[in-house]
Amino acid sequence: MQLNLEHRENVVICTVEGDLDASNYSELVDLASAEIEAGRPRVVLGLSKMDYIDSSGLGALVKLLKKSRLASGDTKLTGLKPEVRKVFELTHLDKIFDIFPEVDAAVAHYMATKP
Amino acid sequence: MDWPQRFEKTLPSDLGAGAQARAWLADCLACLPEESRPVIPDVVLAFGELFTNCVRHAYGPGVAGRVEVALWVTPEEIALSVQDYGRTMDTTHVALPDLSRANEGGYGIFLVRTLADEVEFEAPGGIGNRVTLRRRHSPSSVFRPEGAAGSG
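For the protein sequence lines, the chains are G and L, in the order given. Residues 1 to 115 (my numbering) are what the first sequence spells out, left to right. Residues 116 to 267 (my numbering) are what the second sequence spells out, left to right.
Among the clues, some could well be false.
[Stated by the list, open to error] Calculated from the model, a selection of chain G residues having no Cβ within reach of chain L, i.e. all distances over 12 Å:
1. 3
2. 19
3. 35
4. 48
[Unchecked claim] Only pairs whose alpha carbons sit at most 25 Å apart, straight line, appear in this in silico SDA-like list of lysine to any residue:
5. G:63 / L:175
6. G:67 / G:26
7. G:63 / L:251
Just so you know, the hints here were simulated from the structure itself, not pulled from any lab data. Because the structure is a prediction, the values reported are computed rather than measured. Where is the CB? At the ideal position from N, CA and C, for every residue including glycine.
Put together the whole structure using the sequences plus the hints.
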């Protein structure tokens, strides 16, 4: 898995490439948590290049969701591939997360609301 | 192609071996006819969860062990068996997550049960865990009432 971090205005954009699984989910949690704890709780996860997610990966995203919302932000997901979206649908997490087709749409949604 | 197709692999109890093992499984399942291949991601995900359970719960952190995988593919069904020799834990009695809430854990066995048609747990000889899942994949395995066109 490869992670890439970018800032746009006060939004943190983290892209995930490859598989998010039990062996590496903590890397994503550590990276995004540090941003939230540094006062940047508006997180967008770019997942258009994420090929696979397991229950540990789901748990990591839920952890970030709770942490960011507790800090008056959010964790929004973007670009889910069909196989990945299916996992969110099976677990009903598609009803819990804000999911957008693209990163730009998620950032625009943040921009339209006050920090 | 001769049926059933059989495949076996022994893996170390190491989460880092998961990605390669999933790739191996997907390669094996490429023997399926094209119309059945949409089930491959489901079986690979279910396998990933079972493998993680072996490493994380049956053996535990830092404990060396082996995980044996056996795969049978017939024209109608995929059967996948994942066996470890760690601490026995009957996953058939694990509580399922409350899907109306966001949970940080508990989705693993839920996904296995959801993605498989049948899940069987055994502890052969009282040692370790063997979970066998079955997933039908062929349109010919879909139930048709007697006398319906194409039955028989």
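Results of checking the hints against the structure:
The beta carbon of residue 3 of chain G sits about 16 Å from the closest Cβ of chain L, which is more than 12 Å, so the claim that it is off the interface holds. Residue-level check failed: residue 19 of chain G sits 6 Å from the nearest beta carbon of chain L, not beyond 12 Å. Distance to chain L confirms residue 35 of chain G as a non-interface residue, since its nearest Cβ pair spans about 19 Å, more than 12 Å. Here residue 48 of chain G stays apart from chain L, with its beta-carbon at least about 17 Å from theirs, past the 12 Å limit.
Pair hint residue 63 of chain G plus residue 175 of chain L holds up; C-alpha atoms about 22 Å apart against a cutoff of 25 Å. The suggested pairing of residue 67 of chain G with residue 26 of chain G holds, with an alpha-carbon distance near 14 Å, which does not exceed 25 Å. Note on residue 63 of chain G and residue 251 of chain L: the hinted pairing is violated, with a Cα-Cα distance of about 34 Å set against a maximum of 25 Å.
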